[in-house]
Each structure stands twice: as structure tokens, then as C-alpha cells.
Amino acid sequence: MTPPEPDRGSDGHEELLRSLTPVALGALVRRGADFATAEDAVQEAVIKALTAWAGDPPRDPGAWLITTAWRAFVDLARSDRARRAREERSEAEPPAGPSRQTDDTLQLYLRCAHPSLTTSSAVALTLRAVGGLTTRQIAEAYLVPEATMAQRISRAKRTVSQVRLDEPGDLGTVMHTLYLVFNEGYSGDIDLAAEALRLTRQLSAMMDEPEVRGLLALMLLHHARRAARRSADGRLVPLAQQDRDRWDRPAITEGVVILQAALERDRLGPYQAQAAIAALHADASCVEDTDWVQIVEWFDELVELGDNPVVRLNRAAAVGEADGAPAGLAALADIDPSIPRWTAVAAHLHERNGELDLAAELYARAALDAPNLPEHEHQTHQAARVNALLRSR
Amino acid sequence: MAATSEGNLIMAKYLLLKHYRGAPTALHGVPMDQWTPQEVDAHVAYMNDFAAKLETTGEYVDGQALAPDGMWVRYDGENRPPMTDGPFAETKDLIAGWMIIDVDGEERAIELAGELSAAPGAGGEPIHEWLEVRPFLAHPATVTE
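Heads up: the sequence lines are chains A and B, in that order. Position 362 of the first sequence, counted from 1, bears residue number 362 in this note's numbering, the numbering being contiguous throughout. Position 28 of the second sequence, counted from 1, bears residue number 28 in this note's numbering, the numbering being contiguous throughout.
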């Protein structure tokens, strides 16, 4: 049985605990524990630590976590008759410290986001086994019952347990998984964007790979704008209207420095290109100073790297800014109108083109097409604004 | 406004709505009170098994059934009790219950709704009941351009 989790409120310990989770899991697996049982054991130790560390964290938290997880593993292994043989080997105390920690942690990332998993399973397993979150925290963040999330994680572990050792993981799915977690943003207790940033930073420190650096830069540059993305009353504030004084300048600087170093390696990928676009926005002290011509060039690079209609839609919006609304509308005409947010981009370009009647109608349609509530409210507000303009004429 | 460069977010929640009335007529539209008790039990067991299965696949969020009676209610001005209207007229759309699922995209939601619609009815045959499938509005993405 899983003991109840204590209330949160020990944030400093929790971050340390989360960073130690993959280390402990790596140590157990290296000692010969099977991945699925070891992962359960580490989760038990994490839940214990949430209570035990709240008042008085141990002097060596890493050793504490490994020892506690190891004992939990021994108990779990003992209770499993089929694992009796392994139990003999596992009575010994765990090793003093992890020696191949970086390799082990990297292997964990690859395993937890293995291409054989669905994206939702990869997300859940990565957040628990690499991120050190509890099942309950992950369930709350994704607004599903804890039992459902527990089943999703068990199934994911069964799937990766069947993966043969000669089927290596894929850095691409690892990055995509982290990108999706980042995009999920913030809901409830757990700040998924901050967790994704932390895990990407950790991954980036383990390997010298320009696209991972590009992903880290992309996250830093978007995270930097977070305070400005919502108004005091919770409405979505589009980039053009954000109060740029509220952007986190140190985070932007860090993102730009990381991106520049990655770009110098001359191995461009889509995350670096997206980060470059975010950096150009960050670089403009007011929206009028935005270098739209360069932004369009980066969108051209993105199209080169992998043509998809969403990228071309965003490119059309940028062309509208760089070369005027008619050019933007011409670019838009080549794109399938059924893709998400096409109507929103069309509404904006037609408004800039002075066609207010059509823009009002398109904003109202964009509200109905919006995939989330803040955008629905934003597009409704836009429609109301243009209709008020029309009435006042 | 713009979209993320990698398309939609991962999991999406869908509402599967069951109607007492208002859905297109089912292929085997024998009213449930005309079934044998065993057929009713088999139908209910199918629904329960379906929910239990979705829990093990990590896709189940919630399910509830609604009583057929109810009413419309609205504000009727200051210092006045709310105005009510009902019970519902025979012609109105009437929801019988729902299930909320959290799945990898629309294709999977449709697959599951199709499976739920195959619940057995009169004669043990699938009732081919029409279910309404509605996506939830999601969170806004962090990366927006």
C-alpha cells in the first residue's frame, strides 16, 4: 500500500529530491534490480522522503534516498516469489556512490521516452522515473484520477521492459516528450513548464548536442515571458501587447547565449530555429522594433527542416508583418483552412488589410475554432472590439 | 495568434454523451423497458466492463448517469425565486449520462465511442446507439509562435 502523501510546502527539499530520483533509480538498476520494480521502489522512497525530509532533511540526501529505495526494492523483490533468486544477490548494502551516474541518467531518459511508447505514456513515465514526481502529482497536473495515471505508468513500464537492449532509444522522442511537458504549462500544484525546463537543463548538461541546447534555449526564452502572458484578471495577452518590462531578462540572456553557442556548431535543427525566432522577439524592446524580415527567414529554415502546415501558417502571419497584409494573405491562401488557428491568422491579416467586416466575422469564427478557453475568450474579445469599431463609424 | 510548431498537445479529453432522447434513431431502437431483465443486466455489465477496461489502459477519467427527470431554471429578478420550467417536454434533447476519457487524439476517442455503442440490447444484438463525442477545450500551449 502507498502511504498518504503529506501536504506540499517543502519546495527546496522537493526540488533536491526530484533531482536525486534518477540518480537513485540508476544506482538500483546498476546493482541488478529490474527497471520496473526498481522504479516502484524509488517511488516509495520519494513518497517517504516527502514526509521524512519535511522537518529535517538527512545530511546526505542522495545516500538516504538510495538506501531507502534499496530497502523498498528488497521488500518488493522478497514478496515476489519469482524473484527469489535475485533476492540472494540483493541483500548486500548498496554501493557508496553512483559512479556512472551521467550515463545511467541518460539511459533513463532514453528508456522513459522510448519510441515504442505512446506520447502520453512517455510523458507520465518520464515525469515519474526521471522527474521524481509522485503519481498523484502527475495525475493532478493532467487532471485524471490517480488510479488512471498509475495504470498508465504500469503499462508504460511493461512496454519498455519488453524492449530489447539492441533497440536503442531515440533522442528525438526524448526532446519531443520534454517539449510536450513544457507546452502543457501550469495547472494546479505542479508547474510542468518549470519541470520540463529542469529536466531539459539536466539533459543538456549530460550531452553536447546542439538540438538539446536549442530546446533548452527555446524553453528559457518562452518561460521568460510567462509573467506577461496573462493579464491581472487572467486573460491571455498576445505577444504584441505584452508588457516587455515583465519579461525575465536574465532568462532571456541565458537563452540567447546558449542558442548562439549551439548555432555556431552549424548543425541546425527545428528547436534551434524555433529558439531563434523566440530570441528575435525577445530582442525587440517594443513590438514595432521586431525584426520580422529575419523572423520570416527563420520560418523558411523551419519549412526546409520539415514542412508542416502549422509552421507555414505561422510563417504567413510573420510575412504579414514583414511585407504587409496582402503578402501575408497571399501566403495564407496556399494553406489548408481546416488547420487549427487558420481562421485566427486570417482574421488578424484581414483586419490589418482594412477589411473590418470580414475580420469581425472571422474573429467570431476563430472563437468557435479555438482549442482552449483563454483563446476562445481572446478571439471573442477581438470580434467584439472590431464590431464596436464598425458601429462607431 | 499562432499555433505551436509541433501541432496539438498530447492527450486530449473527450466527453462521450449518451442521450435518452435527441440522438438520431438507433438501428435497433427497441426501448429498454421492452428488453428482458437478462438483456438489461447484460447491457449494464457491458458498460461497467468498458469503464473498468479503460481504467486499466490509463484512459478513464469519469462516468456518471443522469436521472431522466429535471427542469430548466433561471434567474427571475431581484427578490423573486428562480423561475422553473419542466419537466422536460417530450421533444427535447435529453442527456442520459456521460463518460470522460483522456486519450491520444480524436481517432482513439472515435474508436472507443464505437466500442461503447456496441453495447448489447434486445436479443443480445449491439444496439448501435448514437453517442455524441465532444472534445474538451484544452490548456493554452506555452509555445505560441
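Calculated directly from the structure, the hints in this document are not laboratory data. Beta carbons: idealized from backbone N, C-alpha and C, even for Gly. Incorrect hints may appear among the rest.
[Stated by the list, open to error] Per the computed footprint, the stretches of chain A lying under chain B, defined by three or more beta-carbons under 8 Å from a beta-carbon of chain B, are:
no., stretch
1, 33-46
2, 49-55
3, 115-124
4, 151-158
5, 256-270
[As the list claims (entries may be wrong)] Restraint-style ranges between C-beta atoms, simulated for each label pair:
no., chain 1, residue 1, chain 2, residue 2, range
6, B, Y20, A, D300, 53 to 59 Å
7, A, P145, B, D85, 44 to 50 Å
8, A, D243, B, R134, 41 to 47 Å
9, A, L305, B, R21, 37 to 43 Å
Which numbered hints are broken by the structure, listed smallest first? 1, 2, 5, 7, 8, 9
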